[in-house]
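Asks: Working from the sequences, and respecting the hints, build out all of it.
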Amino acid sequence: MDPRPLQFVVGKGGVGKSTITAAIAIAYVRAGRRVLAIELGRREGLSRLLAPSIATGAEPVEVRPGLWLARVQGDDALAEYLEMVVPIRRLLNIVFASRMYRYFVAAAPGLKELMAIGKIWFERQKKREDGRPLWDTIVVDAGASGQSLQYLQMPAAAARTFRKGLVHRESERVAALLSDAETTAVHVVAIPEDMPLTEAREVLARLANELKLPVGTVYLNRTRAGAPEGATIAVDALSRVSSDSPNGALATAVHATATRSLAWIRLQEDKLDRFERGVSRRCVRLPLLTAEEFGLAEIEQLADALGPSPVTRTP
Amino acid sequence: MSLASLIAEHRIVVCVGSGGVGKTTVAATLALHAATEGRRAMVLTIDPARRLAQSLGLRELESKGQRIDPELLRAAGLDVRGTLSAGMLDQKSAWDEFIARHAPSEAACRTILENEFYQQMSRSFAGSTEYMAIEELCRIDESGEYDLIVLDTPPTGHALDFLEAPQRLEDFLDRSMIGWFVRPYAAVGWTAWKTASRTAKFLFERIEQATGVETLRQISEFFVAMEAMFDGIAERSRRVRAVLKSERTAFVLVTGPDEQVLGQGEMLTEKMAALGMPLRGVVLNRLHPLPDAAMEEDDPARLREGVHALLEASGIHDRALTEWLVKNHTVAQAQARAEAIRREMFESGLPETVVLKGVPELEADVHDLASLARLAVLICDGGATPSA
Chain B
1 MDPRPLQFVV GKGGVGKSTI TAAIAIAYVR AGRRVLAIEL GRREGLSRLL
51 APSIATGAEP VEVRPGLWLA RVQGDDALAE YLEMVVPIRR LLNIVFASRM
101 YRYFVAAAPG LKELMAIGKI WFERQKKRED GRPLWDTIVV DAGASGQSLQ
151 YLQMPAAAAR TFRKGLVHRE SERVAALLSD AETTAVHVVA IPEDMPLTEA
201 REVLARLANE LKLPVGTVYL NRTRAGAPEG ATIAVDALSR VSSDSPNGAL
251 ATAVHATATR SLAWIRLQED KLDRFERGVS RRCVRLPLLT AEEFGLAEIE
301 QLADALGPSP VTRTP
Chain H
316 MSLASLIAEH RIVVCVGSGG VGKTTVAATL ALHAATEGRR AMVLTIDPAR
366 RLAQSLGLRE LESKGQRIDP ELLRAAGLDV RGTLSAGMLD QKSAWDEFIA
416 RHAPSEAACR TILENEFYQQ MSRSFAGSTE YMAIEELCRI DESGEYDLIV
466 LDTPPTGHAL DFLEAPQRLE DFLDRSMIGW FVRPYAAVGW TAWKTASRTA
516 KFLFERIEQA TGVETLRQIS EFFVAMEAMF DGIAERSRRV RAVLKSERTA
566 FVLVTGPDEQ VLGQGEMLTE KMAALGMPLR GVVLNRLHPL PDAAMEEDDP
616 ARLREGVHAL LEASGIHDRA LTEWLVKNHT VAQAQARAEA IRREMFESGL
666 PETVVLKGVP ELEADVHDLA SLARLAVLIC DGGATPSA
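Note that the protein sequences, when read in sequence, are chains B and H. If you're matching positions, the first sequence starts at 1 in the numbering used here and goes up one per residue. If you're matching positions, the second sequence starts at 316 in the numbering used here and goes up one per residue.
It should be emphasised that the hints constitute simulated quantities derived from the structure, not laboratory data. Treat each hint with caution, since some may be false.
From the structure, some residues in chain B lie toward chain H, with a derived Cβ separation under 7 Å [as the list claims (entries may be wrong)]:
(1) G226
(2) G230
(3) A237
(4) A249
(5) A251
(6) A253
(7) T257
(8) A258
(9) S261
(10) A305
These stretches of chain H come out as covered by chain B in the derived footprint (C-beta under 8 Å, 3 or more residues) [to be verified]:
(11) 600-613
(12) 619-625
(13) 633-639
(14) 649-658
C-beta atoms are modelled at their ideal positions from N, C-alpha and C, and glycine is treated no differently.
Replies: Dropping the structure here:
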């Protein structure tokens with residue numbers, strides 16, 4: 001697994017980013033790390049998976065031993081930031097309640113994204129009493145590709161837009177953290193279908209060429225295990241069973257599901273082979289899981305698939 | 316009512332839903348279906364990943380829209396009596412053209428286009444993509460070139476985000492608020508402004524410290540230049556909203572079997588009705604149904620026994636193959652059952668007036684015209700039926 005202390009998970013909508021973020025977090029907790037999982041923006045996939053019965057907010061909450069969870073939203077982060085720089089509560093309350101403030105927060109371009117990433121930077125700076133960082137690993141569920149890249153590029157963009165002043169200085173500090181290949185990794189998630197794979201290729205190219213951020217691992221989610229040798233012959237045999245024979249109906253039913261799976265496996269292998277050869281990045285396949293209700297048990301299974309290898313440095 | 320007749324009765328179809336559910340594909344499919352029925356149909360997408368272009372066999376999509384070559388359609392085995400066109404919204408140029416249309420003079424237009432605040436805002440203001448999509452939709456509608464326009468909305472975290480976008484833009488262009496930004500610049504400068512109220516003084520001092528005065532000057536300049544255009548834009552915005560709320564427009568939710576929205580059918584329809592944009596149809600995409608017969612045997616031991624016997628009888632003596640077939644079958648059963656439950660729950664929250672269409676996952680990706688055509692048959696039941 002990746003040793004870097006700050007990890008972002010991005011990918012096309014619906015490929016399982018929250019699930020994989022949760023699994024990565026749990027795999028690190030198992031390795032004895034103190035982990036903060038962060039959900040970025042106005043969604044609740046991660047908290048629904050990791051702590052369905054606990055109300056989570058901007059302040060990290062311990063949801064199981066070693067694992068903390070926080071939700072970071074731009075406007076809250078801005079309010080929190082102002083609270084830090086302006087200690088007069090009464091004045092702040094007047095500001096927060098004003099239409100003017102709400103208007104400004106809504107209108108100022110990129111401000112929310114900047115504040116949200118700033119909050120993550122702030123968590124990364126926190127220290128324990130012995131001077132070690134408070135969090136061994138921070139994993140961020142950064143949302144769908146378009147949105148998450150907007151978040152990730154905002155510090156650098158802000159540093160360029162505001163040529164001096166506080167915003168410039170702070171943005172530069174955050175941008176430096178994000179682009180530090182020793183500290184930060186951006187993981188990309190895809191599933192074995194053409195369009196998510198295409199988007200993953202585009203995101204990988206943008207991360208490397210345009211945003212210049214360190215790319216971590218490509219997680220290929222929902223991959224099917226290959227069929228055992230002889231599967232095709234067995235499926236053929238099932239198709240020849242007469243429907244009047246004792247197990248005829250069963251043969252038809254099992255034949256139908258097996259044929260469907262074989263078709264999917266063939267398609268998948270073809271796509272993944274081409275993808276893996278094309279991107280020259282570390283790709284990790286994660287299994288397709290089916291459950292009536294996707295929950296912690298499934299996350300643990302995915303964490304099994306990620307671990308238990310010791311935390312090592314990737315080339 | 317079928318989805319096909321819902322499409323046949325409307326001139327504008329807006330597909331909403333979160334990302335990753337096949338919304339773009341469904342939008343293209345609905346337009347293709349209308350084209351085969353003889354209508355002049357267009358699909359408009361905002362998708363920056365150019366996925367629609369891929370599925371239509373085009374390398375790039377132009378923002379103005381382009382007609383799909385009838386030869387390509389024929390080559391894919393499609394008998395299209397009408398026309399099919401596709402376009403992709405380029406957000407940046409859409410905003411620039413919007414400003415150019417409304418600016419009172421070329422100089423005013425240039426001031427805005429060169430303003431840094433404007434450049435940032437038109438790229439990243441929350442809701443600006445959504446608003447421009449609706450604006451483009453109305454322009455294409457007004458051109459009269461099409462009988463049906465299908466809008467593939469930007470992937471949002473939630474289906475409702477899109478519908479609330481026009482309101483957000485109107486709030487943004489709220490004259491009374493903008494006055495705050497315009498006044499100080501037009502008058503004596505920030506110093507005069509700061510004496511206005513304690514809140515404003517505080518806020519502006521902070522912003523000044525944080526960003527430097529230059530940024531505030533940019534913001535102010537933007538609003539001063541925009542002021543002359545407000546009446547025009549407000550009027551336009553009212554017209555745009557009227558199109559969305561008109562009888563000619565239908566909203567169709569596209570969702571997958573695992574989406575969060577399935578637990579919120581009731582809430583969603585109520586909210587959409589309250590916004591004056593009622594939900595008319597739902598495409599429940601990528602289902603994995605099994606025939607009833609395949610659901611029957613659900614005791615793993617008996618299933619294993621049966622499959623084992625079948626393989627033995629065919630001369631195959633490999634336990635691993637039995638295990639694979641059994642596991643594969645029970646997983647498919649579990650998936651079909653879970654989806655059926657979720658679908659039922661969702662359906663029970665929908666009013667009867669909403670058309671719901673379940674679409675099975677295809678055994679191949681939908682990424683070319685031929686597979687779009689197969690999907691069209693599944694979604695629209697092969698053809699539009701005239702409504703009663």
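Asks: Now tell me if each hint is right for this structure.
Replies: Hint-by-hint comparison with the structure:
{"no.": "1", "hint": "G226", "in the structure": "violated, 10 Å"}
{"no.": "2", "hint": "G230", "in the structure": "holds, 6 Å"}
{"no.": "3", "hint": "A237", "in the structure": "holds, 4 Å"}
{"no.": "4", "hint": "A249", "in the structure": "holds, 5 Å"}
{"no.": "5", "hint": "A251", "in the structure": "holds, 5 Å"}
{"no.": "6", "hint": "A253", "in the structure": "holds, 4 Å"}
{"no.": "7", "hint": "T257", "in the structure": "holds, 4 Å"}
{"no.": "8", "hint": "A258", "in the structure": "holds, 6 Å"}
{"no.": "9", "hint": "S261", "in the structure": "holds, 5 Å"}
{"no.": "10", "hint": "A305", "in the structure": "violated, 16 Å"}
{"no.": "11", "hint": "600-613", "in the structure": "holds (count 6)"}
{"no.": "12", "hint": "619-625", "in the structure": "holds (count 4)"}
{"no.": "13", "hint": "633-639", "in the structure": "holds (count 4)"}
{"no.": "14", "hint": "649-658", "in the structure": "holds (count 5)"}
Of the hints listed earlier, those the structure fails to meet are numbers 1, 10, in rising order.
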